[in-house]
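Number of protein chains: 2
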Amino acid sequence: MTHQNKTMVDLLIHNAMVLSLNDEDEVFHPGAVAIRDDEILWVGSENSWPSHFDIRERLDMAGGLIMPGLVNGHTHAAMTCFRGLADDMPLIVWLNEHIFPAERKLDGDLVYYGTLLGCAEMILGGVTTFCDMYLFEDQVARAAYEAGMRSLVGEVLYDFPSPNYGSPEHGLAFTRELIRTWEENPLVSAAVEPHAVYTCSPSLLSACMEIAEEFDVPMIMHLSESHDEVTQVKERYGKSPVNHLESLGLLTPSLIADHCVVLTEEELDLLAERGVRVVHNPESNMKLASGVAPVPEMLARGIPVGLGTDGCASNNNLDILAEMDTAAKLHKVHRLDPTAMEARTVVHLATMGGSRALGLEEQVGSLIPGKKADIIGMDLAKPHLTPLYNIYSQLVYAASAADVTLSVINGRVVMRNRELFSIDVDRTMAEVRAIAKKIKP
Amino acid sequence: MTHQNKTMVDLLIHNAMVLSLNDEDEVFHPGAVAIRDDEILWVGSENSWPSHFDIRERLDMAGGLIMPGLVNGHTHAAMTCFRGLADDMPLIVWLNEHIFPAERKLDGDLVYYGTLLGCAEMILGGVTTFCDMYLFEDQVARAAYEAGMRSLVGEVLYDFPSPNYGSPEHGLAFTRELIRTWEENPLVSAAVEPHAVYTCSPSLLSACMEIAEEFDVPMIMHLSESHDEVTQVKERYGKSPVNHLESLGLLTPSLIADHCVVLTEEELDLLAERGVRVVHNPESNMKLASGVAPVPEMLARGIPVGLGTDGCASNNNLDILAEMDTAAKLHKVHRLDPTAMEARTVVHLATMGGSRALGLEEQVGSLIPGKKADIIGMDLAKPHLTPLYNIYSQLVYAASAADVTLSVINGRVVMRNRELFSIDVDRTMAEVRAIAKKIKP
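In order, the protein sequence lines correspond to chains L and S. Our numbering puts the first residue of the first sequence at 8, with every later residue one more than the last. Our numbering puts the first residue of the second sequence at 8, with every later residue one more than the last.
Keep in mind the hints are simulated off the structure, nothing from the lab. These numbers were taken from a predicted model, which means no experiment stands behind them. The reader is advised that the hints may include incorrect statements.
Since copy identity is lost for identical chains, a pair holds within one copy or between any two.
Unchecked claim - Each computed DSS-like pair below joins lysine-lysine, with the alpha-carbon atoms no more than 27 Å apart:
1. 389 with 444
2. 241 with 389
3. 112 with 447
4. 112 with 389
5. 389 with 447
6. 389 with 445
Okay, chain L solo, but in the shape it has when bound (with noise of 0.2 Å):
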């Protein structure tokens, strides 16, 4: 057999219970996934891969599971710097007398290492995409650029100036100039991010949307996350967030619309027509009192959902298998149908949904040869995780962030066993506690 007949191959991982979350949901158990560069090569049954692949190196699961990594499709990762400051009180209480006075010490050291912290904390829960929107968001892009993982960031936007870039004017100059630094990075891309309806002008989020169809990319906000919300947007422009957002022209492919809880049947109809993609939090919505997403509704219409822990200021974590366990059983008391929201609809929301509303469905959120390497591995072996029945069931009510033992993104492995090589975990907590000191002595 002469070189040119051999393929080679950078990292098997096998000896694995293999869930594809492919469109026919295959898993093979016995099974294995070959990585190419950046790649999944070829995904199947355990000793079955081709004979002319040349592996390079061998990664043994020992009857693991391996899967897509999870998608937490909307956060503010540097607010872990925030985690615990301020929980259990009225909306405008904890944003008034804690947050914001917290957020007027930003810079971008707190955002960068708050970030990298919540880095630390997703890929240890099997996260390897995420989005972002905050402040200082160079830092965010920066700091998951180091720690190896997948993301899609962009700068806040709003009326008023900002901490980092002043003036409305200069945060779109901002974004822009964030959008050209990352455009042919391969991990790191960003969006166009105004903050809400009620905090940005219609002339603002409409040179939001050219912004975002001049680059092609999403544009990025809270939308209809409170009746609060709703009350007052009505009061202001006489319509719904929904409504006012469909006057302007701004409900188009592009949007990605986080939280959508206070939504009419009418709009849930016309978020789908429009193509408008959505992300759904489930605990902060619930830990902020916002109320429940009509998220059955939407899947219903087709409208692509994924799942996002928002920032630790209102969850208090990172943890997207959490999330997977609350939205499954939230949906069900809200609405007293224990056949709600099941397992494998959950399953599917936290990787391909999540992919699909960020726009990554051609890159990440299956495992299917020619797609980005993004993959986790959870050790099955424990007494929360005996028997096994159905493993869609597994991860969604059993599972826990400390399961996973493995993530690779982007090809690179980041984590192994609960050791991350891509971020210094001490150096980064020290930072962090040090930032929380003075942000309360």
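Starting from the known structure of chain L, fit chain S onto it as the hints suggest.
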């Protein structure tokens, strides 16, 4: 100094943040706890222990947390064997086509190994006391005792024949025997446990209460768990489940009522007046779509309330830390009030609340000299637990079962650094996997 002046200390756990959960919610940071035999001898600040202490063994927590062990107030531990067997289906299909047929295969072995696995999961998740209801409960008692866990157990009683004891009369005799067998045991005790109002005749319920009063043990039952139960009981007896028990004279301080989801204001008042205790199972109530128990209303009336996981068929885990997170968030979204069920309240529910609900408040639930030494420890130096502003928030909203690194029950170290000393985990998992293959070949 003579030997007589010395006080022997078997174990000093120190260099920790000590969350006492005593009446003043004292926190010693850094602090320590001294244990002699099965009891807490002393709690206080680091290095402030009396000089006459003769310390045999020291355990350095390296800055981690120590706190009272968690109480799982309601479970069917052996149902670990059915974890993920059937989910996301209507209650009647779930019971008739999956759970009941599986339970027809019940035997003492299944219950023994299923409980042992449950004990492993609970200890690894910080639970030191649990209250159980199931069949073959003598095997539950045996497994719990071997695992070194504190438990309150009881054979489930109902009108139809049981695969364990046969007729209800034999069930009552089995219960008397169970109580007598364990009445002097330091860890295990038994209660009388009729299943529910809709499965037990008034005469069976009255016979149960007679035994409870004769032996001065609790009577424990499911009560008002779902709207279907209330409808069914009203049709049969012309009264709601709570009012039916009242008319039978069975609402007494001996009664521990599990679930209590569907209650009127009058019924809440009645439960409070009669001194009934309640165990709240938020995740099971969500997953089975039963509803949301009015827990803040119970607490406002001074009803003792503990937290429970229910069995693994309806959760699907025995994780009280997860239950705490869910309890805090569920009541906020249910009443659209972010101040409902604040973190400190929830930490008390899972500790002193549980011990009060089970009648163990003199023994466990807080770190106070003279109480039994049921103590857990946690590693706080983790990304998802950084920074630390508020320990109650951190426990409820950020900590997870895998953070628990120490379990001391009745003065005995049963787990340290995730290693269980009282259970052969690998063998137990293997036994349960073999049982699962018989249940679903």
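So, going through the hints one by one against the coordinates:
1. 389 with 444: Answer is between; shortest inter-copy Cα gap is 17 Å, intra-copy 37 Å.
2. 241 with 389: neither (52 Å within a copy, 44 Å between copies)
3. 112 with 447: within (11 Å within a copy, 58 Å between copies)
4. 112 with 389: Classified as between; 24 Å across copies, 43 Å inside a copy.
5. 389 with 447: between (39 Å within a copy, 20 Å between copies)
6. 389 with 445: The answer is between: 20 Å across copies meets 27 Å, while 40 Å in one copy does not.
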